[in-house]
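From just these sequences and the hints, can you work out the full model?
Be aware that the sequence shown starts at 895, since it is given in the numbering used here, and climbs by one per residue.
One should not assume that every hint holds.
What the hints assert, rightly or not - Quick list of simulated restraints, FRET-style, between CB atoms: (1) 1322 <-> 1130: 36 to 46 Å; (2) 1326 <-> 1366: 20 to 30 Å; (3) 1322 <-> 1272: 22 to 32 Å; (4) 930 <-> 1346: 25 to 35 Å; (5) 1255 <-> 1285: 13 to 23 Å.
As the list claims (entries may be wrong) - Calculated pairs, DSS-like style, for lysine-lysine (alpha carbon to alpha carbon, straight line, at most 27 Å): (6) 1038 <-> 1182; (7) 1185 <-> 1038; (8) 1182 <-> 1004; (9) 970 <-> 1098; (10) 1101 <-> 970; (11) 1185 <-> 1358.
Rather than coming from a laboratory, the hints here were simulated on the basis of the structure.
Using N, Cα and C, we set each Cβ at its ideal position, and we do this for glycine too.
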Amino acid sequence: MAEDLKTKTAKGIGWGFADNVLGLGITAVANVVLARILSPSDFGIIGMTAIFMTLSTSLVDSGFTDALTRKKDAVKADFDTVFYFNLTVSCLLYAVLFLCAPFIAGFFGKEILVPIVRILGLSLIINAFGIVQKIILVRRIDFKTQAWISLASSVAASVAAVVAAFYGLGVWSLVILQVAKFAVNTVLLWSVSKWHPGLCFSRKSFKDMFSFGGRLLITSIISILWSEMYSIIIGKMYSSSVLGQYSRADKVKNMVTSNVSSVMKKVSYPVLASIQDEGDRQVNVYRKVLKTTVLISFTAVFGVWAVAGPFILTVFGDQWLPAVGYLRIMCFSGLFLPLMMCSANIINADGRSDITLFLEILKAVMGLIPVIFGIMFSVEALLWSMVGVSFLLFIVHAACVSKVIRYSVGRQLRDILPSLCISVVMALIVNAMNMLDMPLWLLLILQICAGALVVIPAYEFVYKSAEYSDIKSELLSLINKIRGK
895 MAEDLKTKTA KGIGWGFADN VLGLGITAVA NVVLARILSP SDFGIIGMTA
945 IFMTLSTSLV DSGFTDALTR KKDAVKADFD TVFYFNLTVS CLLYAVLFLC
995 APFIAGFFGK EILVPIVRIL GLSLIINAFG IVQKIILVRR IDFKTQAWIS
1045 LASSVAASVA AVVAAFYGLG VWSLVILQVA KFAVNTVLLW SVSKWHPGLC
1095 FSRKSFKDMF SFGGRLLITS IISILWSEMY SIIIGKMYSS SVLGQYSRAD
1145 KVKNMVTSNV SSVMKKVSYP VLASIQDEGD RQVNVYRKVL KTTVLISFTA
1195 VFGVWAVAGP FILTVFGDQW LPAVGYLRIM CFSGLFLPLM MCSANIINAD
1245 GRSDITLFLE ILKAVMGLIP VIFGIMFSVE ALLWSMVGVS FLLFIVHAAC
1295 VSKVIRYSVG RQLRDILPSL CISVVMALIV NAMNMLDMPL WLLLILQICA
1345 GALVVIPAYE FVYKSAEYSD IKSELLSLIN KIRGK
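Structure representation (structure tokens):
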């Protein structure tokens, strides 16, 4: 059983990253093309809608996804209840967004936001139709199917958006990218799922799941307000162009931090929830999850910090130069996001959503510090204060984990330290190469190769990590399958 769980987890992580590489990777390529066609201001306008769309999506889910995922004895009534609740809430929220669109546009001084918000809002209803089908795949730890669905929806949406941009639709191509991806994704989820909603809405099921998911809903709302409030401050205090530069840097950072966090959460949450009553085993599994997360995220984040200039200018173009400085600062705060996500994962899997709620309230309160710095000084001051706040929040998260399972803060830091040291050494070596005088695209390639030449031997011969061996084994297995062996 233990080996079966280990195999499922390893395969889940592999296909989880395949999902992100295939799906989000295609979308990232589309964004590169769009960034060369559109202006930073176009991306800034879409950034102004981010908090409203993300918050609405969270309200549609209402914490029921995690509640249903961790419920061991879920029956059809549970799935039906979640489906109809999500659909009802999505319709109500769309009506609110539709009516509030003029006020949102007035706040930012951008009249074009009225139709944009109203059309983007349709994605809430579209997404609500596929949430339960996706939960079923997550409960089965079936990330292979999700990966192929993500690939297909990303390709379709990306092609539509790029074609729209070439025909001069401007910011509307970014709207098409988001709405089309949700639409295709939902259609494919319905086509592969054997589950279809019945006519059973259970009040008992709703109360049971809401008792757990309700706190997660509040937690999610606070988390979104914390992460997106900076876009509001920048968009209001500065300009759509500055917000576009910030959003570009944030998206590049999130290609690493959010992707790693989401993959590890999707894979580890159902696994940790299934062994929530097995103390020592849960600690061992969580340690493995944490060390795997750190190995991947620290290597990638420090790598992005070192190559920020060549990467941004080569991939997106010279018009995005201000985003380079923003990105290098944001990488430091981004180090802690996957770690905090891991902490919240084990806490929720153990049923302690009350602790998660406390952490999010604390995060929201401390999140006001960067807001003050952003209003009083500059965007850079806002970003540096985010680094300090993120570090302090990580320590608090680690302390809360030690209260839930037998895994002290000191032990967590010791498990993190080896990957941190290897990543820092790699970053310093790669960053020193920025002094070389050569074409940026060539410098970027050399930097990536140099980073690999530092990291791989370090894990192969200096710090022989079991997590590195597992990742390497899964990659080799995938390559052999592709080659037909």
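Can you confirm whether the C-alpha distance between residue 1038 and residue 1182 stays at or below 27 Å?
Given pair residue 1038, residue 1182 holds - Cα atoms ~22 Å apart, limit 27 Å.
Hinted pair residue 970 and residue 1098, Cα distance within 27 Å
holds, 13 Å
Under the criterion that the straight-line Cα-Cα distance not exceed 27 Å, is the pair residue 1185, residue 1358 satisfied?
holds, 13 Å
When you take the CB atoms of residue 930 and residue 1346, is the distance between them in 25 to 35 Å?
About 27 Å separates the Cβ atoms of residue 930 and residue 1346, which means 25 to 35 Å holds.
With respect to the beta-carbon atoms only, verify the hint that residue 1255 and residue 1285 lie 13 to 23 Å apart.
This hint holds: roughly 19 Å between Cβ atoms.
Quick check: does the Cβ-Cβ distance between residue 1322 and residue 1130 fall within 36 to 46 Å?
At roughly 38 Å between Cβ atoms, residue 1130 and residue 1322 fall inside 36 to 46 Å, so the hint holds.
Just to be careful, I want the Cα atoms of residue 1182 and residue 1004 compared with a cutoff of 27 Å; is the pair within it?
violated, 48 Å
Quick one, are residue 1101 and residue 970 close enough, alpha carbons at most 27 Å?
holds, 16 Å
Hinted pair, alpha-carbon criterion (27 Å max): residue 1185, residue 1038. Please report holds or violated.
holds, 23 Å
Note whether the CB distance of residue 1322 and residue 1272 lies within 22 to 32 Å or breaks it.
holds, 27 Å
Taking 20 to 30 Å as the hint, is the beta-carbon distance of residue 1326 and residue 1366 inside that range?
For residue 1366 against residue 1326, whose Cβ atoms are near 27 Å apart, the range 20 to 30 Å holds.
Violated hint for the displayed structure: number 8, the only one.
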